[in-house]
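Going down the list, the sequences are from chains A and B. Here our numbering runs 38 ahead of the position in the first sequence, where the first position is 1. Here our numbering runs 51 ahead of the position in the second sequence, where the first position is 1.
One should not assume that every hint holds.
[Said to hold, decoys possible] For the chain A half of the interface with chain B, some residues (derived, Cβ under 8 Å), not all of them:
1. R280
2. N305
3. F306
4. R419
5. L421
6. R555
7. T560
[What the hints assert, rightly or not] Derived DSBU-like pairs: lysine-lysine, alpha-carbon spacing no greater than 35 Å straight-line:
8. B:K53 x A:K348
9. A:K574 x B:K66
10. B:K53 x A:K544
11. A:K544 x B:K71
12. A:K574 x A:K310
13. A:K574 x A:K544
14. A:K482 x B:K53
15. B:K66 x A:K310
Hints in this document: simulated from the structure, not taken from any laboratory. The beta carbon of each residue, even a glycine, is placed where N, CA and C say it ideally should be.
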Amino acid sequence: MTTVPDVLYQTLQDEPDRIALILHAPDGDQAITFADLSRGSHGYANSLESAGVQRKEPVVLLLQHGRPLIEAFFGAIFYGAIPAIMPFLTQKLSPERYRQSLVALIEITKPAAIITYPEFTDEVARARKKDDSVRSVILWTEVEPAAEASWETLGGMDIEPEDIVLLQHSSGTTGLQKGVALSHDAILCQLRAYAKAINMTADDVVVSWLPLYHDMGLIAGFIMPILMRSKLVLMSPFDWIRAPYRLLSAISKYGGTLSWLPNFAYNFMTSKVLDRDLENVDLSNWRAVINCSEPMRWRSHDDFFNRFSKYGLKRQALATCYAMAENVFAVTQGGVGSAVAVDEIDRRSLVENQIAIPAKMGDDAVRMLSAGRPIDGTSVRVLDADGIDLPDRYVGEIALHGDCLLSGYYNRDDLTKKAFIDSWYITGDLGYLVDGELFVTGRKKELIIVGGKNVFPQDLEELAMEVAGVHPGRVVAFGLFNEEIGTEEIGVIAEVDVTEDEARLKIGREIRDQISRGSDVTARFVLTVDRGWLIKTSSGKIARGANRDKYLQEFA
Amino acid sequence: MKDQIANFISTELLKDQTRKIAFNEALISSGLVDSFSLVDLALFIEETFGACIDDTELTAEVFDTIEELAALISARRLS
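Construct the entire structure; sequences and hints are all you get.
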């Protein structure tokens with residue numbers, strides 16, 4: 039079996055009535071068997087064919103979390119087309135801003151079709167340009183499930199392992215222009231290696247609330263369990279954020295064994311879930327709760343364990359992972375089979391010399407959680423500025439190599455070229471190695487990660503620059519880690535000419551509103567400063583890291 | 052009641068006491084109250100006013116302003 043359709047076809051032959059996934063929702067659960075999934079997805083494959091979409095052409099899915107999204111996704115793969123899920127418009131996001139993102143996505147990805155809702159066709163029409171790549175807008179309401187699934191004639195059945203199976207984007211204008219293109223081969227390599235690393239079998243039950251447009255949600259919380267025939271219980275991120283206890287009650291109800299969570303979710307559930315919502319909840323089957331996609335904190339794990347151990351949560355269930363879309367998902371895995379290694383290091387040496395020296399009694403120590411060891415087929419190196427390997431405990435840039443790597447950034451050969459040195463993918467993350475275990479300490483790239491979600495500071499800065507009174511090129515956005523909530527918060531500093539408090543306050547609020555409505559995140563603080571406050575690089579650009587440090591020194 | 056809600060939102064959720072919130076100002080659809088804070092808002096309302104708001108009701112369709120929220124609370128307390 040060398041492609042994703044091959045694997046699913048085999049499952050359908052073996053166990054058509056096996057449950058592929060359960061859509062878990064406040065108003066009731068819906069079980070979908072592999073036969074159901076096949077029929078539903080074939081409907082979308084047929085619609086793509088009728089629309090004249092060719093194999094290997096991208097198809098953008100503008101659908102909310104739910105059954106149509108799942109079936110459209112697999113339908114595109116069965117047909118041999120390349121699905122790309124774009125996050126759906128949220129209540130707070132301004133439609134104009136969303137449209138700009140959609141325009142950016144269409145321009146770079148050049149989809150042949152878009153699958154969406156009837157109510158959304160006007161929005162799509164407004165985002166389109168004359169003579170663009172889109173030949174058809176397919177409405178999910180017009181897609182009929184196929185009465186008979188005709189696998190033999192499906193375009194996806196004679197696709198090659200090295201062909202691209204899907205595109206994965208980060209959100210925001212910058213992220214949407216950088217689609218990670220993954221091959222069938224890369225996905226199946228990841229599946230084999232990662233399943234081995236976490237001892238995953240068809241008997242596992244995965245419970246996930248993660249969005250499908252994110253690599254952790256798409257791969258670990260969706261594709262992998264379905265291809266592995268592990269039962270998947272899938273809930274909407276919107277339901278979870280309003281009632282985080284629902285994840286735990288679903289674990290209990292379905293005997294969940296595996297979940298993936300960004301670090302903030304540990305803090306969020308520890309502080310927001312009430313005992314009254316956990317009556318008779320049993321977490322004893324939960325064998326791996328895997329922390330991934332943003333800096334992992336020892337404190338978050340410890341608090342989470344102390345909060346939920348009385349419901350049967352085991353300490354050894356707490357696990358860690360270092361992952362990225364460019365490697366399909368996991369790069370390293372820790373804490374399955376043995377406890378997550380904790381490295382207590384001297385904070386001063388880490389900050390001043392970038393060396394992780396074990397802390398001695400009385401030192402100001404940092405407890406680092408190990409991200410574990412590379413999965414089979416993937417190798418990790420830590421490099422200095424000249425690309426030379428660093429010895430153990432020296433912090434440098436993490437580079438990786440292996441058989442799960444991306445085929446490239448879709449239609450962006452320029453970015454693909456820049457991302458590699460020889461055949462090594464340069465991650466932009468910083469870390470150190472100890473006896474083959476990887477510890478991730480920070481980032482060289484100026485990406486902000488809020489609740490596991492990648493946010494590009496330049497997108498936020500551009501939003502802020504649109505506010506009257508703020509000048510282009512005189513704004514900086516950065517992330518600051520907040521231990522209490524377990525993730526980064528966003529700070530924005532803008533130089534303004536006005537000096538009156540009232541006028542500055544107004545500009546600050548407008549920047550805040552602009553970011554709320556124009557991105558997936560909100561700014562925790564906005565600071566307005568006098569002209570000349572911001573530090574610039576020798577080439578005249580705003581230096582994000584230096585300004586972040588200056589803020590910390592002067593205000594924090 | 053409306054003042055208490057406005058005060059809770061600016062002090063506890065936005066951590067900005069100077070922020071005055073109009074009773075007809077959009078809370079959820081504007082992103083002013085972000086989705087991570089909705090659980091706190093529901094709990095505050097239950098503890099302060101004794102009115103239960105189900106998690107499925109924490110959307111802009113059910114209430115989006117302090118005025119609408121106060122009306123919902125009053126209706127709940129009567130029933």
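Among all the numbered hints in the text so far, which are the ones the structure does not match? 2, 4, 5, 8, 12 and 14
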